[in-house]
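The residues making up each chain are set out below.
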Amino acid sequence: MGKIGIIIWREYITRVRNKTFIIMSILGPILVAGFITLMVWLPNADKSEQKIMVIDESYAIRLNKIPDNKLIKFYYPESTLEEARANFYKTDFTSILYIPYDVFTKTQSPVMFCKKTPGFSTENYIRTQLEKKFFEWRLTANKIDPLIIKNSRKPVSVVTKKLNEKGVEIETRNENAMWIGFACGVMIFMFVLLYGMQVMRSVMEEKTSRIVEVIVSSVKPFQLMLGKIIGVALVGVTQFILWVILSTALTGASSSFFLKSIAADVEVMDEQQEQVYKQGSNANFSEFKKANNSMEAMNVFKDLQTINFTQIAICFLFYFIGGYLLYSALFAAIGSAVDAEADTQQFMMPVMLPLMAGYIMSAGIMQDPESNIAFWGSMIPFTSPIVMMVRLPFGVPMWEIVVSLLLLVVGFLFTTWLAGKIYRTGILMYGKKTSWKELGKWIFYKG
Amino acid sequence: MSSLLSVQNIVKRYAKHVALDNVSIEVPEKTIFGLLGPNGAGKTSLIRIINQITGPDEGKILIGGEPLKPEHTAIIGYLPEERGLYRKMKVGEQCVYLARLKGLSKKDAEVKLKAWFEKFEMGGWWNKKIEELSKGMQQKVQFIVTVLHEPKLLILDEPFSGFDPINANLIKNEILELRKNGATVIFSTHNMGSVEELCDNIALLHKSKKILDGSVKEIRKQFRTNTYTVSFKGNMIGFTNALWTGAELIEHSSEDKETHFAKIKIREKVAPNALLQALLPVAEIISFNEVIPSMNDIFIQSVQGEQALGTKSNYTE
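Those sequence lines, one after another, are chains C and F. Letter by letter, the first sequence follows residues 25 to 471 in my numbering. Letter by letter, the second sequence follows residues 350 to 666 in my numbering.
One or more of the hints may lead you astray.
[Stated by the list, open to error] Mimicking DMTMM-like on lysine to aspartate or glutamate, the simulated pairs with C-alpha atoms at most 25 Å apart in a straight line are: (1) K27(C) to E499(F); (2) K244(C) to E430(F); (3) K465(C) to D126(C).
[Said to hold, decoys possible] Okay, the calculated bits of chain C under chain F, using three or more residues with CB under 8 Å as the criterion: (4) 242 to 248; (5) 405 to 415.
[Said to hold, decoys possible] Quick list of the computed label-pair ranges, beta carbon to beta carbon: (6) G26(C) to E442(F): 35 to 41 Å; (7) G542(F) to M48(C): 19 to 25 Å; (8) W475(F) to G58(C): 40 to 46 Å; (9) A364(C) to L525(F): 21 to 27 Å.
Note that these hints are calculated values from the structure, not bench results. We put the beta carbon where it would ideally sit given N, CA and C, even for glycine.
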């Protein structure tokens, strides 16, 4: 193992054994898993079964009953409202849904009487169902078959396709897939910031503890800097892999359940469409509607299939590493130039600015991925790791990716060279507040 | 005697000042060499160049006749003045790490370290973190790190600062022992007492220039001023009268009525023996000693003799 290898090993092993690292590696996935689980389960959180007594004086619902769902069951006992209200607490109904007989002629609203306020999803379900039933009732009252209306109404989605000069489709633009790119960009942003700061702190620690002079009498300052940058990068990659593995394991159960139910819904929809073909307009409307609700989820899967995942994964890896190397070299230079963390402020700004710019640009680029800003943002090495990731799902010509990556390589070679110059002088400078002018001079000092 | 280290016409410039101005020194093998000079003289700059931490603008450096190259870091041990260790790292692990950077294998480093730990009675320290150790203990660890790879050339910048007298003595003996075993030692210090005690040769830097070098004995001889101390029994007036052609009285004191002490400077071309002959009839001489200047005097005299102006270095000295 060369000297740089020994340095990398130390940087790596001391961090990975650190308590903070271990805690973060375990806590991170728990937080992520918790968050995902929450996202999946929150809509179903209103779990207690609702037994609803319907007192329908209008007969609109009694004749065209609201379908039960998993948690909400409707009952139609023969009873007056007064009786029901008087005996409400003697029964196990959770609510009384009262529909006055003149609900269509006058502006009397249906009323829900309840023991405990039902959740949002229950209220919402009842409201939309009533709307639908009343709509159907009115149609029927005007001698229009509701099925005609229903079957005439079909959701439309516009598919955008890009053509090249030869008139061949390039790629399907899809709204859902772009989030993958954005997520990758944000991940790179966070990684660069988090681990770049670690490099900076580590350089500062070596400087203030004065061990640096002992080390640079054995290895070149540049080797020490590079070893540190690579060592910290490996720590980041390790943590990332741990997070992915642990998060997947933790959310595995819930997410597989989630996917299964979507898959089941998709099947139902396919069946229904077939029925529509076979039986004309006699298909069960409510089933059809239900399947329609899961259309959106299915679209996400369809969209995801159009993305070139291999390309995104490879690019993510390159931009991830390139972006980190570029910025961490600069962070190392800052760390070497100051004596205390408080002094880092003046140097942090110009480094943070392009990084933040890349992040901020991303939002605009999602709206307009072919704009000039998007193009230049994905070329300039300081913003390209984030911006290009956002652009990728929209389809980027290969030459642009290649040029952007080459520029990134040139970029990080340049920043590493520059940082190396500042670093080797900075680490041996004590007791003086460094100015920008000073930094500029260091770059031109001879070995 | 061949030189282990030969520094030839080194010039080092920084943006606003010259840190080393045409400095040359020769360090003979298996000797202890004192690199002296006031703060800002350029000692640390020179030491950093020898350690290849920075490079010279002009001039060259030979180690064992070869121009300085990266492989040489393995035969140099360096104890900087501003020193420290990783505070959160365990002592043993840290020493092994630093030894490996000097080219030792992990196994060798561990074997050697155990021997040193035993020697310095540091048996239980292996798994302690540096921050748990006292300052003196840290210094011991630091010294071991410096010498663990058995360097041919040992460069110690102010090695005794921060040590209590017992540990300082321990380190001093180690330095002498290392020289006996074939190491060449360069050490930079302000402590002139230790220079007289330890150094074979010295170089004195002042305002980026070498103003004095040579063997300690030679230099001290060179700085002789024909000054002698005499203690005698007899009459002070008679003694003074006897002096007048051959020497001048610089200072005198009396222990009692009979016994006196005098510091005299013998005039040029007057032999001490001739003066003694003139004194013998008037006084009973108890002692007659030549005053050989201390390194401290030589240091102050040489530095104050130079009246050049210069700017102070940013670098720590």
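Exercise. Taking only the CA atoms, is the gap from K244(C) to E430(F) under or equal to 25 Å?
Worked result: At roughly 19 Å apart (the allowed maximum being 25 Å), E430(F) and K244(C) satisfy the hint.
Exercise. So the hint says 19 to 25 Å: do the beta-carbon atoms of G542(F) and M48(C) match that?
Worked result: violated, 54 Å
For this session: Return holds or violated for the Cβ distance of W475(F) and G58(C) against the range 40 to 46 Å.
Result: holds, 42 Å
Exercise. Per the coverage rule (Cβ-Cβ under 8 Å, at least three residues), is the segment 242 to 248 of chain C covered by chain F?
Worked result: holds (count 4)
Problem set entry | Status of the given 35 to 41 Å range, CB of E442(F) versus CB of G26(C) | violated, 20 Å
For this session: Closer than 8 Å, Cβ to Cβ, for at least three residues: run that test on the segment 405 to 415 of chain C against chain F and report holds or violated.
Result: Violated: only 0 residues of the segment 405 to 415 of chain C have a Cβ under 8 Å from chain F.
Exercise. Okay, A364(C) versus L525(F) on CB: inside 21 to 27 Å?
Worked result: violated, 40 Å
Problem set entry | Pair hint K465(C) and D126(C), alpha-carbon separation not exceeding 25 Å | violated, 88 Å
For this session: With a cut-off of 25 Å on the C-alpha distance, tell me whether K27(C) and E499(F) pass.
Result: Within the cut-off at roughly 19 Å; holds.
Violated hints, in rising order: 3, 5, 6, 7, 9; the structure is consistent with all others.
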